[in-house]
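Engineer: Chain by chain, the residues run as shown.
There are 2 protein chains.
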Amino acid sequence: MISVENALKLVKEQVQPLSRSAEVSLNNAFGRYLSEDVLSKIDMPPFPQSGMDGYAVHFSEEIDRYELIGEIAAGSDFHPSLKLGQAVRIFTGGAVPESATTVVRQEDVLVEDGWISFTAGVKQNMNIRPKAEQIAVDEIALPKGSYLDAAAIGYLGMLGHDRVHVIDSPKVAILTTGDELVKPGQALAYGQVYESNSIMLEQAFRSKSIHQIQHVKLPDDYDQTVAAIEKVLNDCDLIVLSGGISVGDYDYVKSGLEANGVEEVFYKVKQKPGKPLFFGTKNQKCIFALPGNPAAALTAFYVYLFPALQQMQGGQFEGCTRIQLPIATDYIRKAKRAEFLKGKIENNEVAVLSAQSSAMLSSFTQADGLIYIPFETLELKKGDEVEVLLI
Amino acid sequence: MISVENALKLVKEQVQPLSRSAEVSLNNAFGRYLSEDVLSKIDMPPFPQSGMDGYAVHFSEEIDRYELIGEIAAGSDFHPSLKLGQAVRIFTGGAVPESATTVVRQEDVLVEDGWISFTAGVKQNMNIRPKAEQIAVDEIALPKGSYLDAAAIGYLGMLGHDRVHVIDSPKVAILTTGDELVKPGQALAYGQVYESNSIMLEQAFRSKSIHQIQHVKLPDDYDQTVAAIEKVLNDCDLIVLSGGISVGDYDYVKSGLEANGVEEVFYKVKQKPGKPLFFGTKNQKCIFALPGNPAAALTAFYVYLFPALQQMQGGQFEGCTRIQLPIATDYIRKAKRAEFLKGKIENNEVAVLSAQSSAMLSSFTQADGLIYIPFETLELKKGDEVEVLLI
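First to last, the protein sequences are chains A and B.
So the mapping is simple: the working numbering equals the position in the first sequence, first residue as 1, plus 11.
So the mapping is simple: the working numbering equals the position in the second sequence, first residue as 1, plus 11.
No lab work stands behind these hints, which were simulated from the structure alone.
Check each hint, because a few of them may be wrong.
Identical chains blur together in the list; that is why a pair holds if it fits in one copy or across any two.
[What the hints assert, rightly or not] Here are the computed lysine to any residue pairs in the SDA-like style, where the Cα-Cα straight-line distance is at most 25 Å:
id	residue 1	residue 2
1	K182	S220
2	K283	T187
3	K20	A349
4	K283	N38
5	K242	W126
6	K182	D54
7	K52	S365
8	K279	L389
9	K283	C331
10	K182	F41
11	K265	I224
The task is simple: from the sequences and hints, build the whole structure.
Structural biologist: Next comes the structure, spelled out in structure tokens:
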């Protein structure tokens, strides 16, 4: 049984970035990771740009009145050569002529008979965004491995890109075992419960922009199990077993993985929930067997699978953002393992939600984050700082 | 010009939850909000459930050895009537017979010739999850307005649901103006820049699970503008104008909104970036005109549009999670307005990223959150706590 820290270290060491990449339109790039540096196609701004609605002026401290010789709307290609003492009307975003030395905002300007004068102090070089102030043509806009969120997509669009090269989205298989499990919507017989881990995990993957997901129900038969595992190892990059490798199905799944040459990296982590967590690899494919208890499986997703997915796509192995917050109540650790507790952030404290059992999901539906109680921490007083993984 | 706090208050007062709802499969419910309370279809667990692999025992402190009379796998409908002194093998998740009074984990059991004895202390009622411990049939599992994330979807599946009623996803129109704007991928003429706000905002909406989005490029013509606004007011729930209501296009858009009976709730907010923010309503439809500068537009999305979307879908007007963190450097506010700064969280501090200009998106691509500097705060010392909106 290894520590949480060692388990994370081993996952980080073993997960390989996918080598496949694809060119996609910017509109379909959300949630993906760049497979190469992206350079700016342009100087941004492409010209000295007015930051205000106002007047572009060939200015001198000696001159009080300026002759108005035209208007430059945003997008206009009018670029007059202003002589000293001349000005043009200009709008935010408009190209400031090279001959203009400052832009005076309209609130500070008096217009009279084609001439302007100023009602506030003016100096050279006001309200002009220099050409290439943000970035010059061919400079790196976003490096390889960058995550494409709304801001990144807007930024690349602003710099002229409509297509980008991204790492392929990992193909995921979710394998479920367990004859006691019935699909939601059907009736339960005595002894049966609903199988909801696969739909829960599928949604968790979707929330991380992973959409190529197949479900496989593993049969209760050795040969078929070996064949099913062989098939997903060929087709997919990431295999997730839900129901884990517990006694009931231990032999088939474990021996099915072994028969397919999957190498165990670790089995069992000193944590609660989710002790029976298995991680193995084969030819750069990753195999996680998650605990069957839903809250344990979802915790393992956020703690281990999320950073693995990031790294698999060429991003950093970061996982959930971690912050420190004061805990809202005293807490005494009961388990002899590190704990991940469902927590709710309110008034800049994090409260431990009730219903923390690994079988229970209700507290997860209320949670903003997972409070991490390291193995070394036995007791916390209200107000002590704890680490929270934001989910 | 109103304050950030007043602007948020007015948005919250005006945004109405959509009345349309739909029944969707649980698999398509991610990111939606329940339109009604959802009750549990079952007791969960539906029977007293074993929390361990071990032995279910009709236990007495007087008895040392128990007769093993069978096995209950998870899902088995075998429910023997155990006499005092009898036991059955049972697996995690299996239905504990009513006649069993405790479950002893297998690590603490010695099996010999069909009889078991214990190697550790045993008492009544161990390792049994009581029937309906999590929830009883017909109790409210999740109330109306609940947000459906992976945990909520797993929870409803676990309780037997395969379909749920959710509030309709708002229909959104993104209207862009500005003849200087060119689509990415094309060449720029002098004075032109790329239009990337619409794709950036579309991705921001998608990140909040809003997918019914139409783009409309507003023509530079009064009658056509009135007609285009009329059409989206009929078709959509939320209208977003990118490029805002600045001088260049002020008349057409502003008068186009007025001609369509849109009532102004506010115009201009005492904030940086994003002062020229317009919010109006017509028949429960919301109209936001966002500033044209990309970083200002995206800030407005996170601060105002995100909570509006939540409330429109029957959720709480919460917006981004807000936490307090120490600021990593001294900061002196320059603007005479409240500020939202792009911030990066590291080592439990938040650093103010460079390139904060409202025209610049590069810092947004690095940001974990927006640091809110209220109007009253003029100066911050390194280590002072600031509010961060997590994005």
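Engineer: All the hints need checking, so say for each whether the structure fits it.
Structural biologist: Okay, the hints, checked on the actual structure:
no.	hint	verdict
1	K182 <-> S220	both (12 Å within a copy, 22 Å between copies)
2	K283 <-> T187	within (22 Å within a copy, 51 Å between copies)
3	K20 <-> A349	within (16 Å within a copy, 42 Å between copies)
4	K283 <-> N38	neither (40 Å within a copy, 28 Å between copies)
5	K242 <-> W126	neither (79 Å within a copy, 43 Å between copies)
6	K182 <-> D54	neither (38 Å within a copy, 36 Å between copies)
7	K52 <-> S365	between (53 Å within a copy, 22 Å between copies)
8	K279 <-> L389	within (21 Å within a copy, 52 Å between copies)
9	K283 <-> C331	within (18 Å within a copy, 29 Å between copies)
10	K182 <-> F41	both (17 Å within a copy, 20 Å between copies)
11	K265 <-> I224	within (22 Å within a copy, 47 Å between copies)
Violated hints for the displayed structure, listed by number in ascending order: 4, 5, 6.
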